[in-house]
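Peer 1: The sequence shown maps to residues 953 to 1858 in our numbering.
Note that these hints are calculated values from the structure, not bench results. All clues stand as given, with none of them false.
Within a straight-line C-alpha distance of at most 27 Å, the following computed BS3-like cross-link-like pairs (lysine-lysine) qualify:
{"id": "1", "residue 1": "K1030", "residue 2": "K1070"}
{"id": "2", "residue 1": "K1604", "residue 2": "K1542"}
{"id": "3", "residue 1": "K1696", "residue 2": "K1542"}
{"id": "4", "residue 1": "K1696", "residue 2": "K1549"}
{"id": "5", "residue 1": "K1138", "residue 2": "K1070"}
What follows is a list of derived Cβ distance ranges for each label pair:
{"id": "6", "residue 1": "R1325", "residue 2": "T1412", "range": "27 to 37 Å"}
{"id": "7", "residue 1": "V1642", "residue 2": "P1355", "range": "50 to 60 Å"}
{"id": "8", "residue 1": "A1231", "residue 2": "T1117", "range": "47 to 57 Å"}
{"id": "9", "residue 1": "Q1107", "residue 2": "L1069", "range": "22 to 32 Å"}
{"id": "10", "residue 1": "A1551", "residue 2": "E1573", "range": "41 to 51 Å"}
{"id": "11", "residue 1": "R1235", "residue 2": "A973", "range": "40 to 50 Å"}
Ideal Cβ placement from N, Cα and C applies to all residues, glycine included.
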Amino acid sequence: MKAAAPWVRTRLRTAPGPAVALLLLVLVTSFLAAAFPGAVDAYESRGLRHEVSAASPGRSVIQLSSDPWQDVDGEPEKSTEALRAPRLTENYQQVLAALPDSLRVDTGQSTYGARTLKPVEATDEWLPELNGGRPVFTLSAQTEVAEHSTLTSGQLPRATAGSVTPDTATVEAAVTSATARSLHIKAGSTVHVPRADGAPLAVRVTGIVEPLRPQQSYWSVEPVLRTPTYLHTPDQPPLPYWHGALLLAPEAAPVLLSMTVDTEAYWRVAPDPAGMDIADLPRITQTIASLEHGPLQSALRAEVAPQLETSTGLDDVLIEFDGIRAAINPVVAVAAFGIGSVAGVVLLMTAGLAASRRNAELSLLRSRGASVRGIAWRLLAEVAAPVLAGAALGCALALVVVPEGRTLPALLASAAVALFACATLPLRAAFLHRRPRLHGDRDDLVRARPSRRRTVAELTLLVLTVAAVTALRRRGTSDGDADALISAAPVLVGVIAALLLVRLYPLPLRLVALPVARRRGAVGFLSLARAGRSSATTTVLPLLALLVALTTVAFGGSVLSGVADARDRASLAAVGADARIDADQGLPDKLAGAVRKVAGVSDVAPVYREFDLDLRDGRLERVTLLAVDPDSYARLAGRTGLGSFRAAELRKTSGALPALASPAVAERLHGRTAEIGEAGGPFSVRVDMVRTTTPAVTDGDFLVVDAAGLQGRHPASMLLISGPSVAGADLESAARAAGSGTVKLRSEERDRFTTSPVQSGAERIYAVAAAAGAGYAVLALVLSLLQTSAERTAMLGRLRTMGLTRRQGRRLLILENLPQALLAAVGGALVGWVAILLLAPGIDLGRLALAGQAASLGQVQLRADPVSLLLPALGVVAIASAVAAAQAWMITRRTTTTELRVGDTR
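With the hints as extra help, turn the sequences into a complete structure.
Peer 2: Have a look at this one:
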């Protein structure tokens, strides 16, 4: 007997189109699901590396140190041995060996050696002496100076191994070129420093070196090694004196024990940011804690030095980064829940479309004795072939596109998509055909009555939604303390709104149908009747998908808009205008005229600024005096929205000088005329206007007056420039030509807020989520139309036999789809607006927008973006109309016989 054909192969050969479509849908969904954890890991890893790289070497380097006298109980021989180069090298290797693999070390920038803890004063008369006294020097015997510098003069210092002791009278040293220039040191010079026994130590400078990569850790942990600095005396006023460094040979370290100040041996471990990964963050934090006060410190004290101490700012850098990451992650999770929910609903709609198309086939199998379990297993085997292939391809593509992320989360996400896609069709078919049916009951939307189970389920969802929204508003996301329920709050709001709209949908249909039924013509009445005859089951999922998608798009668009707006406001508050030129002393009068001629400049506001204005009230709070041109400054304040006022209110007519003040200054002056100053002499002011902000002051209290009302000449110390397209190079050229001035651009200040990969990565995820949500919304709309396309085609064919024209047929299909499209569009816009309104108090976009760099803005709350609300909603109506028009055009091109036989399998 001939064997029966396999079920899966037969079905795939009979209907390859739906199988390919399902494969593509699962592929895209699997790709998005697998790429999401990888993308988050990638931008968090890049952010971690960026934060560690951007931190100053003094913060990021792990410094271990010990006092050789304390470690050996003051025995001279042992302390000398502790500073020998071989011993220090051995200790360095022990430190590196004790560090775990999670904390990778940049050995090229790590170093070790010995140094004096405090600078010692040189006794030579030929060294330059400032008002504060003679120069002082830090003596450092740091290793590998030759590898990190270029010899420009003389030779590097040398010392025979074991020959230098604390009693050695003369040692060799090198200095950097910057130290040589500032302190007038040449190769062959000798610097004398005092020792504890009274006899000076002669340090002969044998060479001058130029540091390589001076900004990196080797030279910048202790910047004085490469560049001399000013120290100041404790006198009033403080007086400066030079502080430089003498670089001894590593073998000369024991001589430091004879200095009048304490000496320490040190080992500086520079972390390698390139080897850091976000998965290593907990282990790195744990390692640093163990190094500072834990088992690792105890182990190193046993091996290296009994009094070994560890200090680093790397833990603070990691804590700050983790705080930014924790504040951004809940906001990103909202996008993930939204797009995941839309994708899940679309997969459910795909299963519903397949189940409705095969309803007759499955009913026939059921009536002929097929069990529900057997049908479910056959359908599972049928959908598993395209689903598993699509999930595997999507996961592989995600791993190729985002190779930095961890593999396991991507595999689990793709597996979840595959499991959900495989289960939807068998479970739906098993539920619909749990008992044999002779015919399908009518399930009209306007006649359907929700069951008690559905009511209980909806009330349960309502309670969860209220709990999620309340928790989000109370706890917020700024501290990163948000769970899955809180992150799913926008989705839950969309689900509740969809269920509510489905219950309310029949009411407007009935109200509109009454006047339409009395009008002449059948198209309007038939379209509303067809819309009301649509299945309640097939209406819920498309509406749910559209509402959740529109809410996700609106939420994501509003997040991106809020981030951009916060950066604009922060950059404006930092600069005060589109550009600014300022100087400490005063700008040339001709500079303002030259700047006005620069291309792109529309206005210039000159400002005289004086810090520490004396209000003569006995209080020490700092106040900044701003003497301005009322006309140009009023235009600037009105244009920027930073404390706008009318220019006439600032001009003096008689009596005291009218002023604009910050609230604290107005309170100190008590609204009366007061004599204050000195701005070329005391002057009387009267506070007529109070503003919290003004363009010329970033933060702090201020007092703004008309420059013409002050006595004497007050050249502008700041030019506030308006012109969004002005080029910084042109302004710098104008400032150089005038001889002074520092240029600061608002655009550059804004770019400073976007340097963190964590911020840019989170923004990209939101952009992708908004685009994917829009794509799934279109797909849901198309699936909802395809679900009833066969019935609609047959109906149109019958109406055409009764005299319906092609034009009327197109109008009928468009008007039939219009109520649901309008419901989804209007409902989606309203739900998105309500969701943002409800959730905005609990969502802080400050870390995402500014990474904590502009605390003066306070909490950056989410605000509804009209474009993100209305544009997707209008797109739904336009796409629904276009799809219906295309479907009508295709249907009306067929013959009537073909249309009438649509859905007939004979």
